[in-house]
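Its first residue numbered 1, the sequence shown is counted upward by one per residue in our numbering.
In short, the hints are calculated from the structure, not lab data.
Check before you lean on any hint, since a few could be wrong.
As the list claims (entries may be wrong) - Below, computed lysine to any residue pairings styled on SDA-like, alpha-carbon distance capped at 20 angstroms:
| # | residue 1 | residue 2 |
| --- | --- | --- |
| 1 | Lys342 | Thr437 |
| 2 | Lys502 | Val344 |
| 3 | Lys151 | Gly192 |
| 4 | Lys305 | Val600 |
| 5 | Lys205 | Gly289 |
| 6 | Lys271 | Gly289 |
| 7 | Lys57 | Glu39 |
| 8 | Lys563 | Phe578 |
| 9 | Lys205 | Phe97 |
| 10 | Lys446 | Arg368 |
| 11 | Lys196 | Gly289 |
| 12 | Lys278 | Thr322 |
| 13 | Lys371 | Lys342 |
| 14 | Lys512 | Met347 |
| 15 | Lys453 | Leu432 |
| 16 | Lys387 | Ser570 |
| 17 | Lys549 | Thr564 |
| 18 | Lys559 | Asp396 |
| 19 | Lys451 | Leu419 |
| 20 | Lys228 | Val287 |
| 21 | Lys538 | His516 |
| 22 | Lys603 | His164 |
| 23 | Lys551 | Gln589 |
| 24 | Lys561 | Leu528 |
| 25 | Lys290 | Trp219 |
| 26 | Lys342 | Thr322 |
| 27 | Lys559 | Glu548 |
| 28 | Lys57 | Asn141 |
| 29 | Lys205 | Lys305 |
| 30 | Lys446 | Val399 |
| 31 | Lys159 | Lys604 |
| 32 | Lys348 | Ser299 |
To be verified - Pairwise CB distance ranges, derived in the manner of DEER restraints:
| # | residue 1 | residue 2 | range |
| --- | --- | --- | --- |
| 33 | Ser357 | Asp533 | 54 to 60 angstroms |
| 34 | Asp258 | Phe97 | 33 to 39 angstroms |
| 35 | Phe317 | Tyr366 | 30 to 36 angstroms |
| 36 | Asp430 | Thr585 | 51 to 57 angstroms |
| 37 | Asp295 | Gly557 | 50 to 56 angstroms |
| 38 | Lys483 | Thr564 | 47 to 53 angstroms |
| 39 | Ser357 | Val298 | 44 to 50 angstroms |
| 40 | Lys28 | Asp220 | 53 to 59 angstroms |
Bear in mind the structure is a predicted one, so any value in this text is a computation, not a measurement.
Glycine included, C-beta positions come from ideal geometry on N, C-alpha and C.
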Amino acid sequence: MPVLLGLLIGCGGEDDNRSKIEILFSDKYSPDDFKQALEIRFDTEKDTSLICYKSFKYFNELKDFYSKRNFSPLWISENLKNSDIDSVLNYFRNSVFHGLDSCYYYSAYISNYLDSVRIHFEKDSVIDYQYLANAELMISNGLLEYVQDMKYGRIDPVKVFPTHHTMKMKDRDSTDLFNVLESKFVYVFLKGLEPKYQRYTDLQKSLRHYFDLREKGGWDSLFITAEKIEFGDTASFIDNLARRLMVTGDLDKSFYKDTVLSRYDDSTLFKAVVRYQKINGLLDDGVIGKNTINDLNVSVHDRIKQISANLERCRWFEYPDTGRYIMVNLPDFMFYLKEDGKTVLSMKICCGQQRESNFDKKMQNYLRTKKKSHKPNNHETPTMHSKISHFILNPDWQVPANITDNEIIYKVLKDSFYLEENGYKIYKGDSLIDPLTINWKYYADKRLPYKIKQDPGDGNSLGRIKFMFNNKFSIYLHDTPNKAAFQRAYRAVSHGCMRIQKPMELAEYLIKDHKHLEFDDIRMDLGLRPIDDEDKQKFKKRLEKFKEKEKEMKEPGFKFKSKTIYLEKSIPLYVDYFTAWVDSTGTLQFRQDIYERDKVMIKKMW
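Kindly generate the complete structure, drawing on both the sequences and the hints.
Structure (structure tokens):
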């Protein structure tokens, strides 16, 4: 594609209006000298600077590409004006509005090299072909990086999070990146790369808004001396609090009064605090505590980085607009069942606890000592993609070895009847073992060679239903007897599996297409009264059957039986990690970086 040298003089003007410097440059320009300069840039023995070799991600691919062209330049020729280069550099500079950095694509270097060529030529009438070669190749390599970043994301999550990321991703095809270099209209090609789906474009708008807020100075930090401020309390920072909420639009600017506020007693301000807490994943009680203050004090710069990290996640995978699927967002502690883009069932979830502080250092120590007590805990729920294929009613629970070693042994040491009181049984192979015959103290720092199982029933840690999907982490969705945790704002409290708030509603939805099963069948298997009385005769028979079941449940030694229900059609499940998104009302939502994955991404990207 014949293209021109851009940014030396600027865009515009016809050939007959060329300046003297442009005409002189064209006369002095030597295609052979430029080709030689390009070829040297790919010769690591002759190239003294090794700029391209050291900094180019696609050095080898570009070497092959240009050698096939006999090192003819793709972008720069004898003409000084080029709108294509201007377009490319504009896309590079505007990458900031995609949460990227223009320095990834050498935009400043390209401009500086081209400016240096112009200045040098105007002064000495000599063309610096080495600088032209640098600019030419930086444009090409920058474009390849830009295309990759826009299509697939700047970082590869599988490499950055190798132990806990199995989310579905776009297939990365390095060969298709070169299509941009062969495109007739590069600006059209680049425009077509930009993600168009709403989650992405909404976040982009929010990012632009936060850039504007930063330009205007952002906001000041708030300081609280009391443990908490409740409605009606007096505090010196209340006026600054109101100003802070007005900056981000959580409080209408018309609220501001000439008098300095010192008392937290205005209902409008109270509602603004509650709103802020709600859209930031905090306990929305209107009480101003340290969690709320810490969140308010997150700087505009850090919010920009947070939005940028979530735009990057959007580039990894695009959710479908049609069909049905389940999406769990871990930082939001929420479950969403979608049908053709609409939420048909939502509920709270509890997910895995954050791993211990200084985890890596502690793990190194454990690998050195091999002492069980030195092994740090990591219960963080991984991101993943799978399909729910079946669910189990009245599940038993085989306690994972890490929970046995780190928790149950110590509970038994404190209370020798703990296992019996909580429905646990000990097995060696298939043989039942009396827990009183085990020297539990001996295994305090050793691996217990027995299996511990908990019988089905109301007290089972998995509750009455668990939902199964294939994954390498032994993770599942399940009911829980501990409902109190759903009242908390922060719900990273489990050992890794996801407790769900409405297991019965999910089970009912999953069997709605089942040919031979009705919801009342499930209820009765769980020991619950049937409720569907539309068919009076069928309902009467079920009630009679349920009365018999009630008698069985009252008998000594009764035990619920586990039952597996296979779905007629499996349903896709995505367990994802978003700390910023725009909801269906157009409101930007932020959440805490519960597993510090934003922190890792931001460090990798900037």
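So which hints don't hold here, by number, going up?
Result: hints 1, 5, 8, 11, 12, 13, 23, 32, 38, 39 break, sorted rising.
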